[in-house]
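Colleague: Sequence:
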Amino acid sequence: MSADDASKTIAAYYAAFNAADPDAMLALVTEDVEHRVNEGGIRLGRAKFAEFCAHMGVSYHEELKDIMIFANEDGTRGAAEFTVHGEYLQTDPGLPEAKGQTYILPAGAFFDLRGDRISRVTTFYNLNDWIAQVK
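Residue numbers (the numbering used here): 514 to 648.
Please keep in mind that the hints were generated in silico from the structure rather than gathered at the bench.
It is possible that part of the hints are untrue.
Once the Cα atoms are required to be at most 16 Å apart in a straight line, the calculated EDC-like pairs of lysine to aspartate or glutamate come out as [to be verified]:
#, residue 1, residue 2
1, Lys612, Glu600
2, Lys648, Glu600
3, Lys521, Glu600
4, Lys561, Asp545
5, Lys561, Asp536
6, Lys561, Glu544
7, Lys578, Glu564
Pairwise CB distance ranges, derived in the manner of DEER restraints [claimed, not checked]:
#, residue 1, residue 2, range
8, His598, Gly628, 13 to 23 Å
9, Ala540, Thr589, 12 to 22 Å
10, Gln646, Gly553, 12 to 22 Å
11, Lys612, Glu544, 20 to 30 Å
12, Ala540, Pro609, 27 to 37 Å
13, Asn531, Leu640, 18 to 28 Å
14, Asp517, Thr604, 34 to 44 Å
15, Ala524, Ala560, 23 to 33 Å
16, Asn585, Pro606, 29 to 39 Å
17, Asp517, Asp642, 30 to 40 Å
18, Thr604, Gly628, 15 to 25 Å
19, Asn641, Lys612, 14 to 24 Å
Bear in mind the structure is a predicted one, so any value in this text is a computation, not a measurement.
Backbone N, C-alpha and C fix where the C-beta goes; we use that ideal spot for every residue, glycine too.
Given the sequences, and given the hints that come with them, work out the whole structure.
Modeller: As structure tokens, then:
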């Protein structure tokens, strides 16, 4: 895979995210995808990733804007920086009560790519910033 191909795969992943299309997101990840969420555990495999996507679709409505994508020369690694514009819809355990609060949060992600798919996604954002915005 080239850097251009990797960038296109990551762009398609975020286009699917913004379209609230988890099936399209799942089609872009490997069966053994490693999903590392900010201040959370590691989810291994497409089934665990699908569970996460389903949960996110119920608890949050988010759109990513100002997406900047980077990829290494051989297309095996990538990164993205973006701004999350979201609405907190349903209370997540251990987090503040959801009341439809909105938030704008800078975030980023790192990727490993294998073949034409994403094999690792690691997402970072400032949880304390998010909590302050939704309290």
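Colleague: Compare the structure with each hint and give your call.
Modeller: Right, here's what the structure says about each hint:
1. Of the supplied pair hints, the one linking Lys612 and Glu600 holds, its CA atoms being roughly 9 Å apart against a limit of 16 Å.
2. With a C-alpha separation of about 13 Å, the suggested pair Lys648 and Glu600 falls inside the 16 Å cut-off, and the hint holds.
3. In summary, the hint linking Lys521 to Glu600 is not supported, as the alpha carbons are separated by about 27 Å, beyond the 16 Å threshold.
4. For the given pair, Lys561 sits about 10 Å from Asp545 by alpha-carbon distance, which is consistent with the 16 Å threshold.
5. Annotation: proposed proximity of Lys561 to Asp536 holds, straight-line Cα distance about 13 Å (limit 16 Å).
6. Between Lys561 and Glu544 the alpha-carbon distance is near 10 Å, which keeps this suggested pair within the 16 Å criterion.
7. The straight-line distance between the Cα atoms of Lys578 and Glu564 is roughly 24 Å, outside the 16 Å bound, and the hint therefore fails.
8. Checked against the hint of 13 to 23 Å, the C-beta distance between His598 and Gly628 comes to roughly 32 Å, which is inconsistent with it.
9. Between Ala540 and Thr589 the Cβ separation comes to about 20 Å, which falls inside the hinted range of 12 to 22 Å.
10. Here the CB-CB span from Gln646 to Gly553 is close to 19 Å, well matched to the stated 12 to 22 Å.
11. A hinted range of 20 to 30 Å for the beta carbons of Lys612 and Glu544 is inconsistent with their spacing of about 38 Å.
12. Separated by about 34 Å at the C-beta atoms, Ala540 and Pro609 satisfy the suggested range of 27 to 37 Å.
13. Evaluation of the 18 to 28 Å hint for Asn531 and Leu640 yields a pass: the beta carbon distance comes to about 22 Å.
14. Checked against the hint of 34 to 44 Å, the C-beta distance between Asp517 and Thr604 comes to roughly 42 Å, which is consistent with it.
15. Between Ala524 and Ala560 the beta carbons are some 25 Å apart, a value that agrees with the proposed interval 23 to 33 Å.
16. The given range of 29 to 39 Å is respected by Asn585 and Pro606, whose C-beta atoms sit roughly 37 Å from each other.
17. At roughly 33 Å, the beta carbons of Asp517 and Asp642 sit within the given window of 30 to 40 Å.
18. In this structure the hint that Thr604 and Gly628 lie 15 to 25 Å apart at CB is violated, the actual value being about 39 Å.
19. Restraint check, Asn641 to Lys612: a C-beta distance of roughly 19 Å satisfies the suggested window 14 to 24 Å.
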